[in-house]
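Participant: Here are the chains, one letter per residue:
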Amino acid sequence: MSTFGAVFGEAFRLIGALDLALLDIVWLSLRVSLSAVLISTVVALPFGAALAVTRFPGRDALVVTVNALLGLPAVVVGLAIYLLLSRAGPLGTFGILFTPAAMVVAQAVLIFPLIAALARQAVADAWREYAEQMRSLGAGPVASSLALLHDLRFSLVTIVLAAFGRAIAEVGAVMIVGGNIDGVTRVMTTAIALETSKGDLPLALGLGIVLLGIVLLLNVGAHLLKERAQRHHA
Amino acid sequence: MREPGPPMLPLVLEGIGFSAGGRDILSGIDLVLEAGPRTVILGPNGAGKSVLMRICHGLLAPTSGRVLWSHRERPGEPRRQAMVFQRPVLLRRSVLGNLTFALAVVGVPHYEREARAVAALGRVGLAAHARRPARVLSGGEQQRLALARAWMLEPEVLFLDEPTANLDPGAVREIEAIVQSIHASGTKVVMVTHNLGQARRLGDEVVFLDRGRIVERSAIDRFFRTPATAQADAFLKGELPWH
Amino acid sequence: MALNRRRVAAAFLATALALGAQAQEKSIVVASTTSTEQSGLFGHILPAFAKSTGIAVRVVALGTGQALDVGRRGDADVVFVHDRAAEDRFVAEGYGVDRRDVMYNDFVLIGPKSDPAKVAGGRDVAAALKAIAAARAPFVSRGDKSGTHAAELRYFKDAGVDPGEGKGSWYRETGSGMGPALNTASSMNAYVLADRGTWLAFRNRGELRIVVEGDTRMFNPYGVILVNPAKHPHVKQAEGRAFMDWIVAAEGQAAIAGYKVGGEQLFFPDAKR
Ligand SMILES: Nc1ncnc2c1ncn2[C@@H]1O[C@H](COP(=O)(O)OP(=O)(O)O)[C@@H](O)[C@H]1O
Ligand SMILES: [Mg+2]
Chain A
0 MSTFGAVFGE
10 AFRLIGALDL
20 ALLDIVWLSL
30 RVSLSAVLIS
40 TVVALPFGAA
50 LAVTRFPGRD
60 ALVVTVNALL
70 GLPAVVVGLA
80 IYLLLSRAGP
90 LGTFGILFTP
100 AAMVVAQAVL
110 IFPLIAALAR
120 QAVADAWREY
130 AEQMRSLGAG
140 PVASSLALLH
150 DLRFSLVTIV
160 LAAFGRAIAE
170 VGAVMIVGGN
180 IDGVTRVMTT
190 AIALETSKGD
200 LPLALGLGIV
210 LLGIVLLLNV
220 GAHLLKERAQ
230 RHHA
Chain Z
0 MREPGPPMLP
10 LVLEGIGFSA
20 GGRDILSGID
30 LVLEAGPRTV
40 ILGPNGAGKS
50 VLMRICHGLL
60 APTSGRVLWS
70 HRERPGEPRR
80 QAMVFQRPVL
90 LRRSVLGNLT
100 FALAVVGVPH
110 YEREARAVAA
120 LGRVGLAAHA
130 RRPARVLSGG
140 EQQRLALARA
150 WMLEPEVLFL
160 DEPTANLDPG
170 AVREIEAIVQ
180 SIHASGTKVV
190 MVTHNLGQAR
200 RLGDEVVFLD
210 RGRIVERSAI
220 DRFFRTPATA
230 QADAFLKGEL
240 PWH
Chain X
0 MALNRRRVAA
10 AFLATALALG
20 AQAQEKSIVV
30 ASTTSTEQSG
40 LFGHILPAFA
50 KSTGIAVRVV
60 ALGTGQALDV
70 GRRGDADVVF
80 VHDRAAEDRF
90 VAEGYGVDRR
100 DVMYNDFVLI
110 GPKSDPAKVA
120 GGRDVAAALK
130 AIAAARAPFV
140 SRGDKSGTHA
150 AELRYFKDAG
160 VDPGEGKGSW
170 YRETGSGMGP
180 ALNTASSMNA
190 YVLADRGTWL
200 AFRNRGELRI
210 VVEGDTRMFN
220 PYGVILVNPA
230 KHPHVKQAEG
240 RAFMDWIVAA
250 EGQAAIAGYK
260 VGGEQLFFPD
270 AKR
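Protein sequence lines correspond, in order, to chains A, Z and X. Everything in the first sequence is counted per numbering that gives the first Met the number 0, starting at 0 for the first residue and increasing by one. Everything in the second sequence is counted per numbering that gives the first Met the number 0, starting at 0 for the first residue and increasing by one. Everything in the third sequence is counted per numbering that gives the first Met the number 0, starting at 0 for the first residue and increasing by one.
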């Protein structure tokens with residue numbers, strides 16, 4: 000298909016001509032998604048580990064729920080956050096709808112089940128090896144969870160990267176809660192959606208390639224760090 | 000150095016039974032473990048030695064009977080019993096970090112941990128490896144680290160479940176020397192082993208387990224010279240050619 | 000390990016700071032339509048407004064129906080839309096005050112060069128829609144309760160055609176904005192009603208072109224409405240009014256008239272003074 004090739008050519012030309020507005024969009028995308036990942040990770044990792052290490056009534060139901068939430072469409076998350084943050088909603092007084100903060104909240108919520116479910120699985124697998132030793136040392140659920148998270152840090156990096164990928168590639172939720180406001184809440188994905196709807200397919204594709212490049216760079220960096228650290232620890 | 004407080008020993012097992020999946024794995028176990036003599040638990044594969052040891056240590060709850068310590072451990076006190084497993088589980092951090100973690104867990108204040116950990120490493124000959132990642136140590140070194148971790152807590156009783164299985168003879172000698180030192184420092188040693196030579200070297204008395212029951216208990220020399228039961232006799236005949 | 004934890008904490012803090020470092024400026028949120036945003040009008044006029052007042056306008060572009068909903072919930076300070084009937088309802092229900100006429104643009108009927116319904120060159124939009132329905136030629140509808148969607152349904156009514164009858168065959172509801180609807184029409188060579196501004200700025204035309212234009216019914220008036228501060232006390236009344244005053248005054252009106260795409264004027268100021 001010749002148009003496909005033409006669109007790609009044009010896309011790369013546009014990337015070559017990287018302008019400041021585009022850099023702002025890239026920077027905002029990174030800021031929002033990194034914040035979302037950091038916030039979500041800090042809560043979801045201990046939560047997932049606790050689910051793996053402790054037993055309490057309702058635990059299995061909770062595990063199933065978290066796993067099921069993996070399939071939650073981003074738009075639904077966006078809508079729920081929108082209704083919460085709207086002036087007419089329960090958290091309306093904060094007035095953060097249509098700001099980057101709202102997008103951080105939406106992405107953090109969106110990736111929470113992903114991090115929690117995968118972390119739980121990883122910790123549960125390792126727990127079979129560690130459980131007796133931990134109990135023998137007298138370690139309770141908190142100390143055990145933290146120790147396992149630390150020991151699994153290399154696999155957790157992969158999980159967190161996957162979550163980052165989902166966050167930065169997501170469009171439905173941030174569109175709803177951010178509003179795609181030029182210069183304020185326009186990120187890579189909403190810009191792509193906008194250019195697509197304007198029929199400017201080369202620019203949309205160019206932005207898509209930039210997005211892919213960023214995610215790729217981040218993954219390469221994380222992979223190299225991980226390899227080095229893993230070799231160190233055997 | 001041991002924390003003051005009433006001794007936990009003797010450990011009394013009363014009518015202990017353990018069943019799982021409709022099978023009796025242990026039954027009618029009555030056993031008193033006194034402070035002092037090194038106890039070796041012997042018995043064929045699958046006799047229930049590991050299960051018994053886990054029940055003593057508190058990792059498994061018996062399905063019948065009672066485990067009685069003279070004085071219960073109290074939370075916040077250093078652990079007064081410890082266990083070393085056949086395959087030590089070491090954390091993916093430094094050799095020293097493994098020890099300071101164990102100290103942190105039992106509430107040893109931050110400023111004391113490193114000094115105690117370094118001292119413990121010195122006692123098992125691993126001082127030079129303090130900063131290395133624990134999981135790159137050799138099998139024997141890993142087991143020495145596990146012993147250091149247990150010993151460092153100054154337990155009144157130390158349970159050892161086949162601590163030298165899968166180790167080469169040099170490593171076995173080192174482990175045995177450490178176990179002797181632990182005993183000499185006043186800790187009661189209870190050990191499962193398949194190595195009858197090791198049982199002779201390290202044991203004062205034998206508890207012989209067969210199919211979930213204690214069949215014989217006697218002083219080490221007598222057990223090897225004149226076993227009182229047919230099962231023990233058969234066990235010794237079956238095992239000895241290999242050692 | 001401790002070093003690692005410190006590094007993570009530092010990264011966390013840095014990101015939080017970067018996020019919080021949003022420039023503190025005077026700003027209002029205007030809920031508007033995709034047609035005004037995507038045609039590039041706001042990009043042209045808002046810098047002039049910001050320069051003369053120091054107020055940044057944050058435009059959330061939606062369909063008219065959604066834009067009014069956002070206003071109803073108090074999530075915008077001003078709405079800037081094009082569906083007169085819905086606007087009047089919005090004001091009558093007490094959600095908005097002080098509606099003002101700003102400008103109009105016009106709708107155009109777009110269709111493929113092959114023109115299976117033979118409507119090209121006409122000026123009567125109702126007659127054209129009737130012919131399209133009769134020919135069962137593919138027609139793409141926004142189907143999203145936007146102002147354009149509302150206008151399209153009015154024209155079908157004028158034509159005496161119930162497009163619901165063609166659902167699933169020639170009448171395709173996309174439930175999307177103007178751009179996506181145009182993309183869809185372009186890929187399946189369908190007819191579609193569009194606002195001239197979005198059409199002129201649209202790049203992926205394929206075989207599409209204007210087939211009907213100039214019907215007076217296709218004039219499309221825009222109004223601005225302040226979200227009622229009595230209902231939503233947080234509404235930035237002063238800044239919102241400043242924007243409304245500016246856009247209907249000489250400066251704003253001139254800016255609107257001055258916006259051209261390919262030499263063509265898209266929006267025609269019609270504020271009454
Ligand atoms: N936690 C457990 N739950 C149920 N059965 C167990 C458990 N641990 C071991 N068993 C079973 O109990 C029997 C005795 O095992 P074990 O005590 O490990 O034997 P050994 O004397 O070789 O150490 C085996 O048949 C084993 O499968
Ligand atoms: Mg065993």
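Please note: incorrect hints may appear among the correct ones.
Unchecked claim - The calculated label-pair distances, taken between Cβ atoms and stated as ranges, are:
(1) A:L69 to Z:G237: 50 to 56 Å
(2) X:V90 to A:G4: 38 to 44 Å
(3) A:A228 to Z:D23: 58 to 64 Å
(4) Z:D220 to A:T157: 27 to 33 Å
(5) A:G70 to Z:A34: 47 to 53 Å
(6) Z:Q85 to A:D23: 56 to 62 Å
Calculated from the structure, these hints are not laboratory results. Each residue gets a CB set at the ideal place from its N, CA and C atoms; glycine is no exception.
Participant: Decide, hint by hint, whether the structure agrees.
Facilitator: Hint check:
For the pair A:L69 and Z:G237, the supplied restraint of 50 to 56 Å holds, since their beta-carbon distance comes to about 54 Å. Here the CB-CB span from X:V90 to A:G4 is close to 52 Å, at odds with the stated 38 to 44 Å. For A:A228 and Z:D23, the Cβ-Cβ distance of about 48 Å falls outside the hinted range of 58 to 64 Å, so the restraint is violated. A beta carbon spacing of about 58 Å between Z:D220 and A:T157 contradicts the range 27 to 33 Å that was offered as a hint.
For the pair A:G70 and Z:A34, the beta carbons lie near 59 Å from each other, so the given range of 47 to 53 Å is not met. Checked against the hint of 56 to 62 Å, the C-beta distance between Z:Q85 and A:D23 comes to roughly 60 Å, which is consistent with it.
Checked against the numbered hints given earlier, this structure breaks hints 2, 3, 4, 5; the rest are met.
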